[in-house]
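From first to last, the protein sequence lines are chains Z and P. Residue 288 in the working numbering sits at position 288 of the first sequence; the count goes up by one each step and never skips. Residue 52 in the working numbering sits at position 52 of the second sequence; the count goes up by one each step and never skips.
Be aware that one or more of the hints could be misleading.
Said to hold, decoys possible - Below, computed lysine to aspartate or glutamate pairings styled on DMTMM-like, alpha-carbon distance capped at 25 Å: (1) Z:Lys212 x P:Asp171; (2) Z:Lys238 x Z:Asp221; (3) Z:Lys36 x P:Glu275; (4) P:Lys107 x Z:Asp221.
Stated by the list, open to error - Short, incomplete list of chain Z residues facing chain P, as computed with Cβ under 8 Å: (5) Tyr40; (6) Gly51; (7) Phe53; (8) Gly54; (9) Gly73; (10) Leu120; (11) Met134; (12) Ile250; (13) Gly265; (14) Ile267; (15) Ile268; (16) Gly270; (17) Asn289; (18) Asn291.
To be verified - Computed Cβ-Cβ distance ranges for the label pairs, DEER-style: (19) Z:Asn271 x P:Thr143: 46 to 54 Å; (20) P:Gly271 x Z:Gln272: 26 to 34 Å; (21) Z:Arg180 x P:Leu24: 29 to 37 Å; (22) Z:Arg180 x P:Thr124: 21 to 29 Å; (23) Z:Pro235 x P:Ala239: 35 to 43 Å; (24) Z:Ala217 x P:Leu51: 18 to 26 Å; (25) Z:Ala87 x P:Arg197: 32 to 40 Å; (26) Z:Trp226 x P:Leu25: 30 to 38 Å; (27) P:Leu73 x Z:Ala87: 27 to 35 Å; (28) Z:Pro109 x P:Thr74: 55 to 63 Å.
In case anyone wonders, no lab produced these hints; they're calculated from the structure. Glycine residues also receive a C-beta, built at the ideal position from the N, C-alpha and C atoms.
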Amino acid sequence: MSLSATTAPPSPAAPPSPDVPSRLRRGRLLNRLDVKYSPYLYIAPFFVIFGAFGLYPMVRTAWMSLHDWDMIGDHSFIGFDNYTRLASDEYFWNALVNTFGIFALSTIPQLLLALFLANLLNRTFLRAKTFFRMAIFMPNVVSVAAVAIVFGMLFQREFGLFNWLLSFVGVDAVDWDGHRWSSWMAISSMVNWRWTGYNTLILLAGMQAIPKDLYEAAAIDGASPWRQFWQITLPMLKPTFIFVVILSTIGGMQLFTEPLLFGNGNIIGGNQREFQTLAMYMYEMGIVNLNTAGYGAAVAWAIFMIIVVVSLFNFLLVRRSAK
Amino acid sequence: MISASQRLWRTSPLTYVALLLAALLSIYPFYYMMVIGSRSLDSINDVPPPLTPGGAFGDNFGRVLDNDAANFLTGMMNSIIVSSVVTLSVVLTGSLAGFAFAKLRFKGSNALLLAIIVTMMIPTQMGLIPLWGMMQDLGWYDTLYAVTVPFLVSAFGVFMMRQYASQAISDELIEAGRVDGASTFRIYWSIVLPALRPAAGVLGLLTFMETWNSFLWPYAILTPENPTLQVSLSFLSYAYYTDYSQVFAATAIGTIPLVLVFLLFGRQIIGGIMEGAVKS
Chain Z
1 MSLSATTAPP SPAAPPSPDV PSRLRRGRLL NRLDVKYSPY LYIAPFFVIF GAFGLYPMVR
61 TAWMSLHDWD MIGDHSFIGF DNYTRLASDE YFWNALVNTF GIFALSTIPQ LLLALFLANL
121 LNRTFLRAKT FFRMAIFMPN VVSVAAVAIV FGMLFQREFG LFNWLLSFVG VDAVDWDGHR
181 WSSWMAISSM VNWRWTGYNT LILLAGMQAI PKDLYEAAAI DGASPWRQFW QITLPMLKPT
241 FIFVVILSTI GGMQLFTEPL LFGNGNIIGG NQREFQTLAM YMYEMGIVNL NTAGYGAAVA
301 WAIFMIIVVV SLFNFLLVRR SAK
Chain P
1 MISASQRLWR TSPLTYVALL LAALLSIYPF YYMMVIGSRS LDSINDVPPP LTPGGAFGDN
61 FGRVLDNDAA NFLTGMMNSI IVSSVVTLSV VLTGSLAGFA FAKLRFKGSN ALLLAIIVTM
121 MIPTQMGLIP LWGMMQDLGW YDTLYAVTVP FLVSAFGVFM MRQYASQAIS DELIEAGRVD
181 GASTFRIYWS IVLPALRPAA GVLGLLTFME TWNSFLWPYA ILTPENPTLQ VSLSFLSYAY
241 YTDYSQVFAA TAIGTIPLVL VFLLFGRQII GGIMEGAVKS
């Protein structure tokens, strides 16, 4: 039933009879204004603040990217020059490769592990459910900065825990931040540690939304639990999985804090840019070097386009393969 | 038949082994933070690495407080102020707008709600560079305004409140308020807001944690003299990367409040996250 129909006067055009006290009339008018227009007032704060500090900067990023723009000086329109320069910028491609490498090393094992853990947590007669859920989710509570500091120590060359453990299997101390692959692995491990639990819970929520009678019917037909997992759980989980993959993509393409702190605040990510990500490159071009802000803005738009393309690609991939 | 399906999904000891291992790996870095944070500096070079806490936490944290380069206490205060203001605002504006979208009828409401949902998908780093310039123009560089004002509203907050309000509040309740002559805002304040309390609590917890932990933007717009806690931690770790016990004591102090919040309200937080996942 419509609210306005019941509360607003039935015929707005009819003038109030002269003997209605004016106070009451004014009250009724206010009431009508209230019902009709106050909703806009309630949603206005979001649109005002988001418009000013969310939407406007984004549009401005696009505008800046078409300029040779010095943040504290002049700017001149140069069309798409920043983008053509981007295409032949080896540091940009380097950052792109690093970002994808770390993204693959963090997303793929992480989602597989999350799927595995969610399936375990989905057992009907599991004890200490809340304990396991909370323990697995706890890493997500810690700030990225804290995670990077703790893992930086674990990956320390001389007395870090990982090199100590590796020494038992006869591996020489690894200089984790000195090589491309090792730094990627160290950084991915931070991402994996912080996000596996989160994704586990999301996938678990998706699994619990699958009707139980599907499994009962399959069990009657003699399907093994493994087969049930492949034929019921995975296909039914597809929407949730797509959601998780897209979320990971948006986060993975914007990776910034872990590699920054892993390299002790060095914005180029290692001596030879071994682990500089796209977001770090954007920061280097736009914020550290204020006179190339226009170019930094072009990097920002490139990141956005990459997120859109990778999300779409992953979306199609998951939709097809989980059939 | 039930017994057959029960047998199939019976939990084996291996399940518990795997889950315990995962729980252990999840919790260990917290423990490690305490171990290193409570050890004296010279014991950190030990081989094997120290595996149990020591007694030097107070001493280490004392060094953090004496450290002029980190401004740790300023960072802590700034983080408390910013996180509280942002949380309060996100809950209030979110519940107000969520209520409007769920229970009030106005032209364009569907399109506007869709616009809000779309903004949830936008990567936040996109506007970083111009936003930095805007803060300069506003004179907000290195002030708490810069890290507070842009985050006073949240699309996720509006959406979450809208979802909860549409199922938790009956239209009859609101009409009863109207019949009693209550204004729309009065209805929000005395009927809707109390009914939204459970969801508002979860939204508040999530917002507080997110704000407390945010890094990139505060790092870009604040200086080491006036940092948030996370920014202070990062500068501490750059400058004193050899003094692990000091850095870890600071990191532990910065993490403990959130862990406590999580231990108290973890069930609600997890419930909120899992519900949100199924709906969206």
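(message) Could you work out which of the previously given hints the structure breaks and list their numbers from low to high?
(response) The structure conflicts with hints 1, 3, 4, 6, 9, 14, 15, 16, 17, 18, 19, 20, 23, 24, 25, 26, 27, 28, although it agrees with all the remaining ones.
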